[in-house]
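Protein chains in written order, with our numbering: chain A, 1 to 458; chain B, 459 to 916; chain C, 917 to 1403; chain D, 1404 to 1890.
Hints were generated in silico from the structure; no laboratory data involved.
Quick caveat: nothing in here was measured; it's all calculated off a predicted structure.
Among the clues, some could well be false.
As the list claims (entries may be wrong) - From the derived model, a few chain C residues whose C-beta atoms are all more than 10 Å from chain B: (1) Gly1040; (2) Glu1105; (3) Leu1283.
Said to hold, decoys possible - Here are the simulated SDA-like pairs of lysine to any residue, each with C-alpha atoms no more than 25 Å apart in a straight line: (4) Lys784(B) x Val1712(D); (5) Lys287(A) x Thr1352(C); (6) Lys658(B) x Gly842(B); (7) Lys658(B) x Gln1551(D); (8) Lys810(B) x Arg53(A); (9) Lys626(B) x Val1712(D); (10) Lys56(A) x Lys658(B); (11) Lys1228(C) x Leu375(A); (12) Lys1228(C) x Lys287(A); (13) Lys448(A) x Lys352(A); (14) Lys60(A) x Thr1352(C); (15) Lys810(B) x Thr1352(C); (16) Lys1376(C) x Glu1291(C); (17) Lys376(A) x Lys452(A).
Claimed, not checked - FRET-style restraints, in silico, Cβ to Cβ: (18) Ala13(A) x Pro1290(C): 19 to 25 Å; (19) Leu1283(C) x Glu289(A): 47 to 53 Å; (20) Gly1073(C) x Glu183(A): 58 to 64 Å; (21) Glu1410(D) x Glu289(A): 39 to 45 Å; (22) Gly1073(C) x Pro164(A): 54 to 60 Å; (23) Arg1205(C) x Glu445(A): 38 to 44 Å; (24) Glu896(B) x Ala1361(C): 53 to 59 Å; (25) Pro395(A) x Arg1205(C): 48 to 54 Å.
Beta carbons are placed, not taken as given, at the ideal position from N, Cα and C, and that holds for glycine.
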Amino acid sequence: MPFIPHTEKDVHAMLESIGIRSINELFDEIPPELLIDQLPAIPKALNEMQIARLMKDRAKQDENTLCFIGAGAYEHHIPAAVWDIAGRVEYMTAYTPYQPEASQGELQLLYEYQTMMASLTGMDASNASLYDGASAVAEAILMAIRSNRQCQSKRVVIPTTLNPLYRKAIQAIVSKQSVELIEIPFDEKTGRITVEAIDKIVNQEFAALVIPQPNFFGLLGDVDALTDWAHQRQALAIAVVNPMTLALLKEPGLWGEKGADIACGEAQPFGIPLSSGGPYLGFLCCKNEYIRQMPGRIVGQTTDADGKIGYILTLQAREQHIRRSKATSNICSNQGLMAVAATIYLSLLGPKGLKRVAAASHQKTMLLAEKATKLKGVEVLFHGHYFHEIVLQLPQPAEPIIQEMACYQIAPGLALGEFYPGMDNALLVCCTETKTEEDINKYIECLKQALKNKAIKK
Amino acid sequence: MPFIPHTEKDVHAMLESIGIRSINELFDEIPPELLIDQLPAIPKALNEMQIARLMKDRAKQDENTLCFIGAGAYEHHIPAAVWDIAGRVEYMTAYTPYQPEASQGELQLLYEYQTMMASLTGMDASNASLYDGASAVAEAILMAIRSNRQCQSKRVVIPTTLNPLYRKAIQAIVSKQSVELIEIPFDEKTGRITVEAIDKIVNQEFAALVIPQPNFFGLLGDVDALTDWAHQRQALAIAVVNPMTLALLKEPGLWGEKGADIACGEAQPFGIPLSSGGPYLGFLCCKNEYIRQMPGRIVGQTTDADGKIGYILTLQAREQHIRRSKATSNICSNQGLMAVAATIYLSLLGPKGLKRVAAASHQKTMLLAEKATKLKGVEVLFHGHYFHEIVLQLPQPAEPIIQEMACYQIAPGLALGEFYPGMDNALLVCCTETKTEEDINKYIECLKQALKNKAIKK
Amino acid sequence: MSELIFEQSQPNRSAPTQMPVDFLSDRAIDLPESSLRTTKPLLPEVSELQVVRHYTNLSKQLFSVDTHFYPLGSCTMKYNPHIMHQLASLPGFLNRHPLSSEEHGQGFLACLFELQEILKAVTGMAGVSLTPMAGAQGEFAGISMIRQYHQSRHDDGRTEIIVPDAAHGTNPASASMCGYTIKEIPTLESGDLDLDALKKAVGPQTAGIMLTNPSTLGVFERRIKEVAEIVHNAGGLLYYDGANLNAILGKVRPGDMNFDVMHINLHKTFGTPHGGGGPGAGPVAVNKRLLPFLPVPYVEKVDEDYRWVTDKTATQSIGQLSAFMGNAGILLRAYVYTRLLGAEGMTRVAEFACLNSNYMKKRFEQLGFKIDLPERRASHEFIISMKDQADAYHVTAMDYAKRLLDYGYHAPTVYFPLIVPECMLIEPTETETKETLDEFIDTMAKIKQEAMTNPELVQKAPHTTSLKRLDAVKAARELNLVYTPVV
Amino acid sequence: MSELIFEQSQPNRSAPTQMPVDFLSDRAIDLPESSLRTTKPLLPEVSELQVVRHYTNLSKQLFSVDTHFYPLGSCTMKYNPHIMHQLASLPGFLNRHPLSSEEHGQGFLACLFELQEILKAVTGMAGVSLTPMAGAQGEFAGISMIRQYHQSRHDDGRTEIIVPDAAHGTNPASASMCGYTIKEIPTLESGDLDLDALKKAVGPQTAGIMLTNPSTLGVFERRIKEVAEIVHNAGGLLYYDGANLNAILGKVRPGDMNFDVMHINLHKTFGTPHGGGGPGAGPVAVNKRLLPFLPVPYVEKVDEDYRWVTDKTATQSIGQLSAFMGNAGILLRAYVYTRLLGAEGMTRVAEFACLNSNYMKKRFEQLGFKIDLPERRASHEFIISMKDQADAYHVTAMDYAKRLLDYGYHAPTVYFPLIVPECMLIEPTETETKETLDEFIDTMAKIKQEAMTNPELVQKAPHTTSLKRLDAVKAARELNLVYTPVV
Ligand SMILES: Cc1ncc(COP(=O)(O)O)c(C=O)c1O
Ligand SMILES: Cc1ncc(COP(=O)(O)O)c(C=O)c1O
């Protein structure tokens, strides 16, 4: 009996204690007509050796691609120590730290995590993590609406340069509470939104403006002006950032005159594997005045009965297990283990290492673009400053090129046509510090070949 | 500076404390003409990401073969929990448990290991492990010579059915102490040695007889008669066993009338990966009367100052750090971490699981032989009872067949010609529980194909 | 507690092998000055060994399933087989980008598809989407589907979700996030729902009801079919909170009880580790009428190929709940678990979880603990109330919880469900031995003795943990959420 | 201490997912009755969770580098980078059978070949064999080569190996295993070898000398060239015990000091983990004249291919010391380490190991501890003697060692080398921070205070470990080496 330690003798003794004759009697309060005899259609049990072989075969099918896709999930080098430690069973097989005296390790670590995230974003506080980047932005929007006392509106302004996948998730999450999302199209030349443009479009009251930096195309925008504009309009400014870039880029807390009010996004780049999309690590930071509207777990410092410093889940009165339907969110778990990994990652990299990773990713992306645009017909689509993603405009549709390059074991980027009508030739490319000059050269060569192959076939 | 935490400020402060101006001064007692400036010919430092990429490329070259080689190293399923736990840094990055109060985890585990090994072999005691199987047999031989008070001779009788690689290592290790190894050839029909045969050959006094079970060909021999014969001749009986087989086979402690005196060999099959040959796990067990001649670490139970049970390295007076040139051996380390893995493996398998692994390996090997011998010209070389290795006699030389089958990603076994002159067509094949019926069928098909290909080319 | 990592920091210390080295020197960073950071973020400057030692030692200050008996009711802290982690961590799975092509991911998609099929089989439902990232998100997805269902029928007046008073906090919170108002109905003394109250509560405003069965009281809702009838007759739908699915796995299926939609907490029923707070995963299962609304993406099989179903084809879907496809790594683990158990193994989960629970309940009863609903069969968990002891000796459920830590046990859930005073919700799970249960029971008996003879010992517990009892009030009052370096 | 795993055993309990399932039922086991086992071996019958919890909890009762400062002199407990373990555990390495073909192993062989080259470069030697499985086996291999060398020249009267009195026990023991008798020579007050005694000791019977430099006293043998001359002139060879190579890495090379042969403890110099007692690895390096005798197998490069050299071609080799090729997994780790360090990084090992050591030595001196050889430069380690305190307060080096455990430090090596009474051999290693050293020094000062004011506190230490001081005498007298079940 897999994972069940009971011997026949045990079962016998236990049944006797309970005063019944068979285990089935334990289910005698269930209406008999509901009981089933067996679970049809479930495969027979495998042993560990068998399932291992099956899974190894399946994993192998998916291996070995040189990946230049970013678009919200980034391949960075993950130091061996990160998961050696985060994978320790003490972190892995614990529950939410409800008993702080038995969970100081997790709690102290989360306090350190909060400190690092707050500092990176330039905010006063951070929660202990949310599910992922997209849902974190959704929570930030709801939080901003609750927080903005100066405005009764449930309108929120979002540029289409925010990751389109995020926009979908936000829509699914916030729309039920009759939040209205006002989408602002980007300038076709610059790939960005400007204050002038939105100011024209948005003429109603709104609760918050979402500002992605870099935006989905990898471009830096004028976040200072946007933040100030939001504040002028009595709205909150929500910064959506890739925290890796904050090693180099100005922290949201310092955007514009007063700084963004909330910063959120995806911390997967901090030591978390791509893993087909999850588990990742949503983060959410804010200014002091909004803390009590923050969803999710928060760890605070306190003292024990002897006056020694310790850590504990705090501000629980915001949460569903106490406030129930009036809670700041329904969220109950966080992505604790991912926060553990990110904290270890950040400690190993330190300010200098993180800066180097960000800089190397930026430089390599620039190098790739430089080389790619030497190919005939390949151009950078929008002019501006890119961070570590860039939009290449190909002389032909991107999708077939992607399929062609797959044959060389290269995933060359994301075809933007699916998300932006009319942009069928655009390819969003990401290069991180993991790519060598050789990798980049290989990319260029294969791209060249693919452009040729596909051009001929046309 | 990889792995060196010193800041410039630290260095400065430390130099000042010491009263010197540069680190180089620390080396001023070394004759200056001996000092070198740099290490030529050592490649430039890589970072973790770079070395990881290099090693992954190199490891990949070596992957994915379906392996039917045994010959002293066996591929068994290793439960995930084994190395998840043995790989915990507490086990991995500790030294020999010199401070028992800070090492109870390791010491208790080794006591459990000793208990399991002694019980499997039917002996009274076990040490805490030796380097590997071959060196363990060498140590057993030296130990037997020291132990055998009834005989002054340094002669030891070894059948050529003992693993030839072991025989080489034994020769290299024991010969310096003028030990004489009398090699007994095996019977060409049965692949074994018999009492009648050795009795004729060995007419001098000797200290010990080495008895492999199963022998190198995978064959079971008459260990009872051999043990009794050794004892009749006032010699010690040294059992060399694959401990995995002892789940099914009679324990050496019960061989013959009085049982073997020493049991030793390779415990790699207990949860230790093939890993190109090491690190593995030599084991050595003996009857009570020989314990003080045992080499290597031994853990004993004792009590602490409060009378609580605890564990400690014991009988250290045998060892080099105390007895120096008169020690039972020069060995100082053991294979502690491998003993940890083996102990966890044995606990997970239990008596029933271990028996099943042994039985499945046996049965699958028999099935493979059954199917193989249906191929034209393929026969089982020696008749007798095989455990989980068997000698197939091919209709043509084995070496080219091995090369041919490598193209199908199969390592079909070991060619015996290299070790036994005249046995060029013989292939030693091993099948463990890890092989499925499909694997075996694939083996047979590829063997068939290879025999054909190579026959044609001849 | 340990020094913070920041307190070990020294300017210019680092772990150099972790730094990218190439490219940097010869290429400038061409970004506008105004967009650049000028302050150094508060990250520690420490060596690799310092990081390793710090976080390894922190891990030692944690109770976990692999190290402690952890009978945390409702949370189901059972053994998480190590092989799950090993296989989900195969490089082919770990390194796959979420936006990789379907071709470059058939192995992964096959696992998800089969997991969907298995979950359909165990729930008796018609369709499954694996994408919700936790139980609470599963609830949100489920209630969203109910909402979308009513909307699709232009049945617009349904604004209320009914929730029993014993429900988990996420239930009302999730319904509220879906824009519903909550109507709470009481539980009878018998542990069953108050059907009269329910009958009164339902009406044209009823969108649905959320139930756990067995309930958070650890007993099976015996009149579940009547409940379903009442709600369905009123035009509402039934949501099943799958947190307790492990109690009935292979015995009775939510689909057969006439639930319309449900979530499954994979960590509770299918043994995935919960990582000190998450990640979990909360797949949703629906019956036929809600199929069109399932959150995307999920996996379909077309001939021999596995493909994503997205909002392109599933046009009525409630949409996607995360940037990509949810907590993939957790789903792989759960898949491995289901394959290791097989059909029979799943049924045994329910059987032995309930055996352990009923055994403990009986023994506690014999020891004079006050069992909530003593006359009922316990399911996989049961409740004891310390109200009598709190009244008599001022020793509370929380004091018991803390004292248990001293004896090397993680405490059961305390003060949930909210409707039982001074309660402890005890869930032993099926993977614990009788010996472990017996030792725990003996310890509880010992604490009971202590409570009578030396209440202070219990009230001031824990004594053997690295810290004594922590001050929660102070934490909330003197909010300190981030470290500020002393300058 | 914890219950033994055997004490948790129950007949017929098991971990079923670990059992092979196929084949068994339909095929009989066809082996002769007389060869079969009839008793059940004493292996525990427990569940997987029981195993996991037991051995995970045991691990928590262990000091280790990743959790504690561990200044164990001569053993060099420095940081073992995690990446080494991760890379050596790649499936392509782990699953390779030792008798696989060379073609199926070029990646593996390339690593070994390059490691050989790197070790040649750092030792200044002409050839390297990686096969010895520990330092002691390296010594055996080295002395065997010396023996074979003399034999090959028919220089048969050389029966003695000279060893200083400060030598590690493995030195005389290894020489003895090679059939040599041992001549011990004394060390001068200055810490250098007594050259007069050496001159007297050498002769036609001298096969060689074994030296560590820096010696086990932690000081550099300044007249090493004279030593070499004396021994070489007498026809003997010089063996270098590489245990302390980390002290001089990149600064001075044994080959340049005129050593003929040496071993390297990879775990000491190249940071491989030592696994609670092993596995280690003890590669040997030789100068030109001993090249033919290197133990097999080792790796050569022929054009672009890597090949094993075995006794087939190396006919004068001392042979092979293990069944296959030694502790391959450890060699891969060491290779990774050398590549992470590069040439400069290696030199820094020596520099910072010595900086840390000399800093501590100075500070201890200032605190009034009795330093052995205070006027000498310490190398990577140094000795303090507690003789004065043992005389004055009956507090011994061992008492200090135990008391350090209470403060969360692993104790330094005590009572080695044998020639310094009441000694502690302290080796901080280069990977520890100044802060850690300072805290350790402060703790030692505190213990010194305790020794004076409350000696019993120190004499009875440790107090905070799971067990108090263990009775070594009882262990040896009432030998109990295996568990016997109570029936
Ligand atoms: C009864 C019940 N419902 C719902 C949940 C919420 O699940 P999750 O924590 O995965 O969001 C829980 C979690 O503890 C629960 O116990
Ligand atoms: C000076 C010295 N020589 C030799 C050895 C033996 O090395 P090993 O333990 O690897 O056999 C040691 C080990 O501690 C040592 O310190």
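Cross-check of the supplied hints:
1. Gly1040: holds (32 Å)
2. Glu1105: The claim holds: Glu1105(C) sits with its nearest Cβ about 46 Å from chain B, beyond 10 Å.
3. Leu1283: Holds, since 29 Å exceeds 10 Å.
4. Lys784(B) x Val1712(D): The given pair, whose Cα atoms are some 34 Å apart, is violated under the 25 Å limit.
5. Lys287(A) x Thr1352(C): violated (48 Å)
6. Lys658(B) x Gly842(B): holds (23 Å)
7. Lys658(B) x Gln1551(D): At roughly 34 Å apart (the allowed maximum being 25 Å), Gln1551(D) and Lys658(B) break the hint.
8. Lys810(B) x Arg53(A): holds (23 Å)
9. Lys626(B) x Val1712(D): holds (15 Å)
10. Lys56(A) x Lys658(B): The hint is violated at about 55 Å.
11. Lys1228(C) x Leu375(A): violated (34 Å)
12. Lys1228(C) x Lys287(A): Status violated; Cα separation ~39 Å.
13. Lys448(A) x Lys352(A): violated (36 Å)
14. Lys60(A) x Thr1352(C): violated (41 Å)
15. Lys810(B) x Thr1352(C): holds (23 Å)
16. Lys1376(C) x Glu1291(C): violated (34 Å)
17. Lys376(A) x Lys452(A): Holds, at roughly 10 Å.
18. Ala13(A) x Pro1290(C): 19 to 25 Å: holds (21 Å)
19. Leu1283(C) x Glu289(A): 47 to 53 Å: With a Cβ separation near 52 Å, Leu1283(C) and Glu289(A) satisfy 47 to 53 Å, so the hint holds.
20. Gly1073(C) x Glu183(A): 58 to 64 Å: violated (30 Å)
21. Glu1410(D) x Glu289(A): 39 to 45 Å: violated (59 Å)
22. Gly1073(C) x Pro164(A): 54 to 60 Å: For Pro164(A) against Gly1073(C), whose Cβ atoms are near 34 Å apart, the range 54 to 60 Å is violated.
23. Arg1205(C) x Glu445(A): 38 to 44 Å: Violated, since Arg1205(C) and Glu445(A) (Cβ atoms, about 54 Å apart) do not stay within the stated range.
24. Glu896(B) x Ala1361(C): 53 to 59 Å: holds (55 Å)
25. Pro395(A) x Arg1205(C): 48 to 54 Å: Roughly 49 Å apart at Cβ, these two residues keep to the hinted range, so it holds.
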